[in-house]
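Peer 1: Spelled out, the chains give:
2 protein chains.
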Amino acid sequence: MLSIETCTTGIVGLGLMGGAFAYALRDCKAQSILAYDISGETLASALKQGCIDEGFTTPQPMLCRCDLVFLCLAPSSLIRFMQEHIYSFKSGALLSDIAGIKGSIVAALESILRDDLDFIPGHPMTGSEKGGFAYAKNCSFKGKNYILTPLERNKPENLAFLKGLIRRFGFSRITETNPADHDRKIAFTSQLCHVIAAALIDCQSDTGITRFGGGSFEDLTRIAQLNAPLWAELFIENSAELLMRIEEFEGSLNTIKTLIADENRTALVTMLQAVRDRRAAMDS
Amino acid sequence: MLSIETCTTGIVGLGLMGGAFAYALRDCKAQSILAYDISGETLASALKQGCIDEGFTTPQPMLCRCDLVFLCLAPSSLIRFMQEHIYSFKSGALLSDIAGIKGSIVAALESILRDDLDFIPGHPMTGSEKGGFAYAKNCSFKGKNYILTPLERNKPENLAFLKGLIRRFGFSRITETNPADHDRKIAFTSQLCHVIAAALIDCQSDTGITRFGGGSFEDLTRIAQLNAPLWAELFIENSAELLMRIEEFEGSLNTIKTLIADENRTALVTMLQAVRDRRAAMDS
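Chain order of the listed sequences is A and B. Mapped onto numbering that gives the first Met the number 0, the consecutive letters of the first sequence carry residue numbers 0 to 283. Mapped onto numbering that gives the first Met the number 0, the consecutive letters of the second sequence carry residue numbers 0 to 283.
Simulated from the structure, these hints should not be mistaken for laboratory data. Please note that the accuracy of each hint is not assured.
Since the list can't tell identical chains apart, any single copy or any two copies may satisfy a pair.
When the alpha-carbon atoms are kept at most 20 Å apart in a straight line, the in silico SDA-like pairs for lysine to any residue are as follows [to be verified]:
(1) Lys47 / Asp114
(2) Lys129 / Asp218
(3) Lys143 / Thr209
(4) Lys143 / Arg210
(5) Lys141 / Leu77
(6) Lys129 / Asp282
(7) Lys143 / Gly214
(8) Lys129 / Ala273
(9) Lys256 / Glu217
(10) Lys28 / Lys162
(11) Lys162 / Asp276
(12) Lys129 / Met243
(13) Lys129 / Arg277
(14) Lys256 / Ile235
(15) Lys143 / Arg64
(16) Lys129 / Met281
(17) Lys162 / Ser2
(18) Lys129 / Ala279
(19) Lys129 / Gly91
Predicted model only: the values in this text are computed from it and were never measured.
Could you build the full structure based on these sequences and the hints that come with them?
Peer 2: Put into structure tokens, the structure is as follows:
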């Protein structure tokens, strides 16, 4: 089995998440942390911070040395990167990604993958409304969820190693499922929530409205400070599931609207009480 | 002008907010803090905590002694209370409330008020998904907003005193406006957000979904653990404004849905970027 203290680890893309992985690997006493990024400036900053040992602005010289690679790119960049650089990976390497959609990505990558590479698709459920390496240090893994959608061909010892490492990073719950289930659930917990936050800001032009805020509005719209190209990509790539979730939400919204318009206080109280109970039954 | 160190203060209703006022008054070295509540148990608990000096299960013996009274009741209870007990207040007393809607409440109260009482309508923009006196100690005022909708007849020295006290409580921004403007804006920042959170929970029956949460869903739905009767009342009392805000939100949601369905990535990125910029221009 791999050991983080002895293997060479590479990070592809030193943005918010790639940077957060670098810091987490450093905390785990990783033996050697290499990083590829198109920005020499970002690599210099990471070297100065001490969270990587070497930086690369071309992938090949790094990939050929790495036993473990975290691919920290947006979905479309990830597929392009793998198409272009699949022959640069070290034979036997373990790869994992962080893409927020899994069905289409995993299907595309499986068709590209070499037989001697073990790719375990992953999705760390963390992030920040502030993107880029500069904010990576504040991107916490502690207590967060991590979803894996392992392939049948994955080596059990690699899966065990990756799960152990994810726990050492601080994530508290690791869920294994298939890509379709991941995309269905993420469309709800993540994408629908971002759509709602965006719609809430879109329908309010008064930026002084926060003088009237009591915390709810702020909580609901913090994520509206999103990385627009990344989220547009996630929304469209998972559009079938997301559109269904939006319509289900619209149905519930309409139910509440009707109860309010009808001034049906009894039914409204019953419904809100059921909502309260269901939310209480969910983990925070 | 009144002085909190020398006047007698009464709190009507020792729930979450009434309790939070009691603790805040105690921190301000209030001379004498009296409280009326229907629950003798709650009063005993508050006495034990040291945040009130005397508890009353009937209002009259307390009200006749108070120079300053905070009415911490839900809107409908507030109107009933004032109708029943308006002749118990001490002549010259300053009163304020905490009701989350102002138009209908202030109109009703103005018709009940005695000429020798000065009532300044207020709305502290704070709270918690956990209600009741037991949670009052954790209900923070620090950095929160406070809205006042003063009446023309309010005495300037009483308004100045109340604003000074609110600042000493820890609130950072006090906004003065009229009841209609309050209700229009609160329909957006507070009520619409609670409606959205409730709809989001209503359309998801899987309580295990939080294994797939990354923080967004949790942030958007924390307020779904609401006090059902209170919020049903607030929604229905402010239904005209709230229904307009829900419809504006539905319009924006529909715009995003159409962009996703059309896979119009360019327009979606432009729209999300505008959302991001607008949210960034708002205070957190």
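Peer 1: How do Lys143 and Gly214 come out at 20 Å by Cα distance, when the copy is not named: within, between, both, or neither?
Peer 2: between (23 Å within a copy, 8 Å between copies)
Peer 1: Can you give me the call for Lys129 and Met243, within, between, both or neither, at a CA distance of at most 20 Å?
Peer 2: The answer is neither: 28 Å in one copy and 32 Å across copies each exceed 20 Å.
Peer 1: Given identical chains, is Lys129 near Met281, meaning Cα to Cα at most 20 Å, within a copy, between copies, both, or neither?
Peer 2: Answer is between; shortest inter-copy Cα gap is 15 Å, intra-copy 27 Å.
Peer 1: For the identical chains here, do Lys143 and Thr209 meet the 20 Å Cα criterion within one copy, between copies, both, or neither?
Peer 2: between (29 Å within a copy, 11 Å between copies)
Peer 1: Have a look at Lys256 and Ile235 and pick one of within, between, both or neither, based on CA distance no larger than 20 Å.
Peer 2: between (28 Å within a copy, 10 Å between copies)
Peer 1: Given identical chains, is Lys162 near Ser2, meaning Cα to Cα at most 20 Å, within a copy, between copies, both, or neither?
Peer 2: Cα proximity of Lys162 and Ser2: one copy only (12 Å, versus 62 Å across).
Peer 1: 20 Å Cα cut-off: does Lys143 pair with Arg64 within a copy, between copies, both or neither?
Peer 2: neither (30 Å within a copy, 53 Å between copies)
Peer 1: One pair to classify: Lys129 and Ala279, alpha carbons no more than 20 Å apart. Within, between, both, or neither?
Peer 2: Classified as between; 11 Å across copies, 30 Å inside a copy.
Peer 1: 20 Å Cα cut-off: does Lys129 pair with Ala273 within a copy, between copies, both or neither?
Peer 2: Cα proximity of Lys129 and Ala273: across copies only (16 Å, versus 35 Å in one copy).
Peer 1: Between the shortest in-copy and the shortest cross-copy C-alpha distance, which are at most 20 Å for Lys256 and Glu217: within, between, both, or neither?
Peer 2: neither (22 Å within a copy, 23 Å between copies)
Peer 1: With identical chains treated as interchangeable, where does the CA-CA distance between Lys129 and Asp282 reach 20 Å or less: within a copy, between copies, both, or neither?
Peer 2: Intra 25 Å, inter 15 Å, cutoff 20 Å: inter-copy only.
Peer 1: First find the shortest C-alpha distance between Lys129 and Arg277 inside one copy, then the shortest across copies, and answer within, between, both or neither for a cut-off of 20 Å.
Peer 2: between (31 Å within a copy, 15 Å between copies)
This entry does not satisfy hints 1, 5, 9, 11, 12, 15, 19, going by the numbered hints stated previously.
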